[in-house]
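Sequences and hints are given; from them, build the entire structure.
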Amino acid sequence: MSASYSTNYSVKEIQSSSDHAFASAISIYADHVPPDLRTNTGEITHWLDHYNQTFEDRLHILSLSVNKNVAGFCELVHLKETNIVVIDYIAIDRRYRGGLEVFFNFATLVRSFILERYPTVSYVVVEIAPLKENEEIRYGLPLLRLVKMMGFGVIDATYIQPSLGNNNSESELEGALLINPKPTAGVLPKQSYLRIVRSIYYDHYVRWYGYHGKDYEHVYKSNTDRLYAEVAQHVKKERIVVNGLRHFPEDRPNEPTAVVAPPTKVLWPAIGMILFCLLVLLCMKALFKVSFVWIIAALIAAMILYFALSSMVDKRASPVLRELIKAFKSSFGKVK
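Each residue of the sequence shown is one higher than the last, beginning at 0 in numbering that gives the first Met the number 0.
In case anyone wonders, no lab produced these hints; they're calculated from the structure. Where is the CB? At the ideal position from N, CA and C, for every residue including glycine. Zero decoy hints are in this set.
Pairs of lysine-lysine residues, derived as BS3-like cross-links and limited to a Cα-Cα distance of at most 27 Å, are as follows:
{"no.": "1", "residue 1": "K189", "residue 2": "K235"}
{"no.": "2", "residue 1": "K235", "residue 2": "K147"}
{"no.": "3", "residue 1": "K11", "residue 2": "K147"}
{"no.": "4", "residue 1": "K220", "residue 2": "K235"}
{"no.": "5", "residue 1": "K189", "residue 2": "K236"}
{"no.": "6", "residue 1": "K213", "residue 2": "K79"}
{"no.": "7", "residue 1": "K181", "residue 2": "K235"}
{"no.": "8", "residue 1": "K147", "residue 2": "K236"}
{"no.": "9", "residue 1": "K11", "residue 2": "K67"}
{"no.": "10", "residue 1": "K189", "residue 2": "K147"}
{"no.": "11", "residue 1": "K189", "residue 2": "K79"}
{"no.": "12", "residue 1": "K11", "residue 2": "K79"}
{"no.": "13", "residue 1": "K181", "residue 2": "K236"}
{"no.": "14", "residue 1": "K220", "residue 2": "K79"}
{"no.": "15", "residue 1": "K181", "residue 2": "K147"}
Quick list of simulated restraints, FRET-style, between CB atoms:
{"no.": "16", "residue 1": "A228", "residue 2": "K67", "range": "40 to 50 Å"}
{"no.": "17", "residue 1": "N167", "residue 2": "A22", "range": "23 to 33 Å"}
{"no.": "18", "residue 1": "N66", "residue 2": "S26", "range": "13 to 23 Å"}
Next comes the structure, spelled out in structure tokens:
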């Protein structure tokens, strides 16, 4: 007799901090979001109970469950004036991170939740940072790639995440905004981009920190004014490409990139390919009396092809490719 097992994924909107699922979800959030990127849990708890009674915009806190066990946390807000939904956080318990299945199932459910409540939403926006900071770069870049796989496009323009409070300047980080759907023409007008940034900065961040009182909010707004002016100054193009990867991590040769495979993992496929080609060429030499020089030329050509293809997805293959081309030129003449 055989048994069949299925995994059930679900999302539930948490209505108040007294909801029994909130304690589990906020604990996952606190344990799995890096400190520099983590909003104070007391602020989240306060706004869960008061945000929708205070503002016309809507805050949603979701618990993500696997087989009825709370496995994740999601926070998002709908900003009415610009009609965008900003996803602040999706945090998944590490016990459920064995593969991409859990993330994509939750992301799909969150997307359905958004479209059910806001069917005419202009954009769903995700803010990802840091992308150019050493401390948490392993968090930002892998997340960016996952979100791109969900159909989001990277806005190729300067973006800086505001600090998470007046006494938390280290959380002011360079990052990127991703939007879905991507514009049909693949570009976003400059003013549309700045309108989105302004809405996130003032309708979301500044308003959020009003929790600490008017004086605190005034100081925070002054810092936000400076930040918005800096971003606006750096946006030069009237039409901004969406889906670019911007200038990372290739221009940071002395700093770590995100989730880099060890060199041996990069080399094993190449070594296997070389040995296979060598075996085939030696068999051809024995059967067809092919010259040894021809075998070496064919082997180098095969290696060049391999590393040329690899360099399209892994920049570490580029230096090897250049050296192989140099070797081919010096040994067999100038390549036309």
